[in-house]
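Enquirer: Just need the whole structure built from these sequences, with the hints factored in.
Each chain, letter by letter, is given below.
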Amino acid sequence: AQSVTQLGSHVSVSEGALVLLRCNYSSSVPPYLFWYVQYPNQGLQLLLKYTTGATLVKGINGFEAEFKKSETSFHLTKPSAHMSDAAEYFCAVSEAGNNRKLIWGLGTSLAVNP
Amino acid sequence: EAGVAQSPRYKIIEKRQSVAFWCNPISGHATLYWYQQILGQGPKLLIQFQNNGVVDDSQLPKDRFSAERLKGVDSTLKIQPAKLEDSAVYLCASSSRVTPQETQYFGPGTRLLVL
Chain A
546 AQSVTQLGSH VSVSEGALVL LRCNYSSSVP PYLFWYVQYP NQGLQLLLKY TTGATLVKGI
606 NGFEAEFKKS ETSFHLTKPS AHMSDAAEYF CAVSEAGNNR KLIWGLGTSL AVNP
Chain B
3 EAGVAQSPRY KIIEKRQSVA FWCNPISGHA TLYWYQQILG QGPKLLIQFQ NNGVVDDSQL
63 PKDRFSAERL KGVDSTLKIQ PAKLEDSAVY LCASSSRVTP QETQYFGPGT RLLVL
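Going down the list, the protein sequences come from chains A and B. Residue 551 in the working numbering is what sits at position 6 of the first sequence, and the numbering runs on without skipping anything. Residue 49 in the working numbering is what sits at position 47 of the second sequence, and the numbering runs on without skipping anything.
Certain hints may be false.
Unchecked claim - Below, simulated DSBU-like cross-link-like pairs (lysine-lysine); rule was C-alpha separation at most 30 Å, straight line:
| # | chain 1 | residue 1 | chain 2 | residue 2 |
| --- | --- | --- | --- | --- |
| 1 | A | Lys594 | A | Lys646 |
| 2 | B | Lys13 | A | Lys646 |
| 3 | A | Lys594 | A | Lys613 |
| 4 | A | Lys613 | B | Lys46 |
| 5 | A | Lys646 | B | Lys80 |
| 6 | B | Lys46 | A | Lys646 |
| 7 | B | Lys46 | A | Lys594 |
| 8 | A | Lys614 | A | Lys646 |
| 9 | B | Lys46 | A | Lys614 |
| 10 | B | Lys73 | A | Lys646 |
It is worth saying that the hints were derived from the structure and are not from the lab. Model, not experiment: these values are computed from the prediction.
Expert: Listed below in structure tokens is the structure:
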């Protein structure tokens, strides 16, 4: 069965520092992988996704993630944190096939300190 | 392009009362999802529609929750009667197709508090 693990429910970084949010998944077949962001009192917004092709995926707001099959990981990074990056980040996985639903991680709350 | 609309944004009810949430997806999106997001957890899919047909309702507590999408556009999710554990944010999302790699677009959610 599919599952998603986000290591660290809370991550705190200084403004300008590297952001690294970790996501590991389990899947019996090549997965589709997603990172969504949720700002306070707002809905979820897609940051980036991996479906096929290049394993390094670039998303909005300077974020990127790399699909590493051997490590079953899809960690999210950003070279330099901005105050506006403070939000909740969710990793999700689905599998190819009809009607495969998204399986979500528990989320990581990112705080950015001045 | 208008996003996914949801109403109300907030609702407070007492247990055993009923409540209904409304969602209008992005124009042209055939697939509509209702999620329940409890504080500190990721979204949990309650029901997925393709046009006006149900694709997946395996996690919908059917003894108290119901949802419909009669004309294949907007949708209503109802809880009757509500329990304390139903306190959560109810998110509606839509996508252009039902395939699993499609991006889902989310509304702002309805925050429900059951007292």
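Enquirer: Does each hint fit the structure? Answer for all of them.
Expert: Each hint tested on the structure:
no. : hint                : result
1   : A:Lys594 x A:Lys646 : 15 Å, holds
2   : B:Lys13 x A:Lys646  : 28 Å, holds
3   : A:Lys594 x A:Lys613 : 13 Å, holds
4   : A:Lys613 x B:Lys46  : 26 Å, holds
5   : A:Lys646 x B:Lys80  : 22 Å, holds
6   : B:Lys46 x A:Lys646  : 10 Å, holds
7   : B:Lys46 x A:Lys594  : 19 Å, holds
8   : A:Lys614 x A:Lys646 : 20 Å, holds
9   : B:Lys46 x A:Lys614  : 26 Å, holds
10  : B:Lys73 x A:Lys646  : 23 Å, holds
Comparing the model with each earlier hint shows no violations; every hint is respected.
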